[in-house]
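Since the structure of chain Z is provided, determine the placement of chains G and V on it from the hints.
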Amino acid sequence: MDILVVHLLNALLYASVMFLIAGGLSLIYGVMRIVNLAHGNLYAFGAYVTAWAVGRALGTATEASLWLYAILPVGAVAAALLGALLEPTLLRPLYRRAEEYQLLITFGLLLILEDVMRLLWGPYPLQASALYEALGSFTIGESIYPSYNLVVIMVGGAAAAGLWAFVYRTQFGVVLRATSQNMRMASALGVNVNRVYVRAFTLGCFMAGLAGAVIVPQQGAVLGMGVDALILAFVVVVIGGLGSLEGALIGALMVGLVREAGITLFPEIELAVLYLMAAIVLLIRPAGILGRA
Amino acid sequence: MTTTAPRRTLAWAAPVLAALIALPFVVPPYQTVLLTYGLVFAIAALGFNLLLGYTGLLSFGHSAYFGMGAYAVAFIVKYAKLESMEAFLLGGVLASGAVAAVFGVLCVRYTKIFFGILTLALSQVLWSLAFKFFWVTGGSDGLRVPTPTLLGGAVRAGSDKFEFLSHRYYFYVLAVFVVAVALMWVIVHSPFGKALQAIRDNETRAEFVGVQVRHYRWVAFLISGMFTGLAGALWVPLNGLTTPDILHWTFSGKIVFFTVLGGFQTFFGPIVGAVIFNYLETYAVGHTVYWQMVLGIVLVALVLVLPAGIVGTVRRLLARPVRAV
Amino acid sequence: MDLLRTSQLCKSFGDTHAVDHVDFAVAAGEVLALIGSNGAGKTTLINVISGLIRPDSGRVDFQGTDITGASVHHKIALGIARSFQLVNLFDQLSVRDNVTLAIFSREGRTRRLFSLADADSAVRDEGAVVLKEFGLEARGSALAGGLSQGERKLLDVAVAYALRPRLLFLDEPTSGVSTREKAPIMDIITQVVRSGGITAVIVEHDMDVVFTYCPRIVAMHQGAILADGTPEQIRNNAQVTANMLGTTG
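Chains as they are written, first to last, in our numbering: chain Z, 1 to 293; chain G, 1001 to 1325; chain V, 2001 to 2249.
One chain only, chain Z, in its complex shape (with noise of 0.2 Å):
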């Protein structure tokens, strides 16, 4: 019993670090229709400013005091900046040309930042594991668990609520949902739609940059998470549709017990279950299963 337990929540803690990234892509590309492939690596991005900034915080200490984790954030915030800077600069000039240009840039992006982590922190992987282990462990049944994964859970379940609050009961998400449904309409009704793409341009990056932030005293920052992370956010959107919010939680969470389920039964071929999943869904239903095509 105790180790289902341990299972479901090591699903959920996959799914809550999924969601934030899918979720982002997803809230970018359902208000301004575009997909940045460096959507992964500003995930990458936020993972290793967090473990960056914790290691310097730490300076030699070994043991991480309470108000370290005040920085967990900075690795978010970096990525909402370096979003803010990106979608005026590179992206809005391609909003009338062919898609492809679009994905060509963002590859090129993509590329950069790859580098750019590189050229940074080294080809080596940085961590940030103090603020995992401060936190210790607790006991279920006969299992001992990590305790911080339960703060990356619930940071996936706050961001949920918070980004559902923020689109369907601010004054800005009735903006966001607006422009994109209806971006010509919105514009007419004076809606600065320049303002509206780079604030959920921001916003997607922040939740990816979060995401990353988040995990990284698990897992640290290491070169390559970026574009694996964009492979998975995919299939996560590809189940629940490509610009809902909620399909990107739906998603999340199937991929987040599928792929747990195939760790522990199968792992080998872990995943290959979860492109299967993926190729399944595309081949029953290409909109995903509460997407907009």
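Keep in mind the hints are simulated off the structure, nothing from the lab. The model shown is predicted, which means the values in this text are computed figures rather than measured ones. Positions of the beta carbon are idealized from the N, C-alpha and C atoms, including for glycine. Hints should not be assumed to be uniformly reliable.
Computed cross-link-like contacts, SDA-like style, restricted to lysine to any residue with a CA-CA straight-line distance of at most 20 Å [said to hold, decoys possible]:
| id | chain 1 | residue 1 | chain 2 | residue 2 |
| --- | --- | --- | --- | --- |
| 1 | G | K1112 | V | D2091 |
| 2 | G | K1132 | Z | G262 |
| 3 | G | K1112 | Z | A98 |
| 4 | G | K1161 | G | Y1037 |
| 5 | G | K1112 | Z | R96 |
| 6 | G | K1112 | Z | R97 |
| 7 | G | K1112 | Z | E99 |
| 8 | G | K1112 | Z | E100 |
| 9 | G | K1112 | Z | Y95 |
| 10 | G | K1078 | G | R1156 |
| 11 | V | K2182 | V | Q2149 |
| 12 | G | K1132 | Z | L265 |
| 13 | G | K1132 | Z | I263 |
| 14 | G | K1132 | Z | D228 |
| 15 | V | K2132 | V | L2147 |
| 16 | G | K1112 | Z | R92 |
| 17 | G | K1132 | Z | G224 |
| 18 | G | K1112 | Z | P93 |
| 19 | G | K1112 | Z | Y101 |
| 20 | G | K1112 | V | Q2092 |
Just so you have them, the derived chain G footprint on chain Z, three or more residues with Cβ under 8 Å [stated by the list, open to error]:
| id | region |
| --- | --- |
| 21 | 93 to 106 |
| 22 | 110 to 119 |
| 23 | 229 to 240 |
Chains G and V only, in chain Z's frame:
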């Protein structure tokens, strides 16, 4: 797609071909081998651009076919104990074709971003398999491939491998290159090629003109994969070794890059881009380890400033009015 | 036997009944207009019949055979073609290529990979004839994307025509074109349709065009057929004039 009359194309292609034939007698062997790599990548680019420039599908996973072609050669050496280049080419094309056929069925149901990510994901699956089944593929060490015999054993390497590569093997690759270019040229100017371009321009109308879009995309995918696989098969003897690197998405990125660099809206653009890129990579890679960043920056610049690529821009500068023939 | 017959054809989008139990028949050789205000369901009806979207219920028969669920490809093979209200062309191909592609497709030659398209003289000649019929022969080499709106509308029809259909749906062939150009375009279309023995259903908003060129008019309103008759009958139909024409005459 601007196309030029065959006669006009031959007018400048003939001298270029003559120069290519004369090359090994004029430049040091190292340069010839370098260009051989360029020609190989050009064939890959040619295959890739059938999908991008002519069918409107941007694949981020073409490393899968290049790699499949290369590994097929390695397997033929390892398991069939053959060393014939013809066997290599056949095996490479068949293997990459088989993979393209399977991947294509899944990928061509989608366009744009989903297509792109799907191709990327599938090639990454192949890449991870190369590590997983290390006892077959040699894992990260890869597999060695000796110099092959050409023309059914009539031409052998002898003791000087480099001399073989820079002369006999170069001419072999050049011949295959010319055939590949001619073949692709006919394909894109055929009724099938027109159908692909129609699909690129307006998939709905193509459907309403009676062209079964999904099927044609699949065929294009298959041909594209085979051309790229052919390139992979030609590449391995040059390199002497195949490793999982060429299955990784970064290699796919290079293919995308040099096609866009040369200009994906023209027939010869990708060829030019591949050759130029090969030189860039060879001479610049010693200068910086941040090679990906350089590629990325140039790609961004290309998209923002020079979307027509090198060949496309040169055409415009030559101030020909845009005219289809 | 009617060339085309729909029976209780229905298509809804959410709460909107775009096509509401439509019984519609067309006899071979007819040239009829399909009129109605925006949202009346004309384009949806064509979309359903031509196969762009599937109906919710009902049936479409062509030459006596049920084609309700048939694919677009099959319908084209049977001889149903359409042009588009918002011009749908292959913008980066030449005008000539746009037309010859339809011919190649019709002849099943788009499978051919190893022969040059330009070398097929039969197709090329037929393409030239089609272009001439549509008055586009001077623009043969131009890219479709570079044509004027009127030329594009004509090319859109020419491409459908090149399929040598038995039944041709023309969705607002003169929309977006200046009043001056409308008559020449309709002249060409009706000439081509008549000499080819093609049955044509023309969706139009311009009532002058409708009354001049179409011996039969079918009026739709809110997804259903409101009236069906000669120009005289339609002109005198109070419901039609009230819904669509605004004023009488």
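Numbered hints the structure breaks, given as an ascending list:
When the structure is compared with the hints, none of them turns out to be violated.
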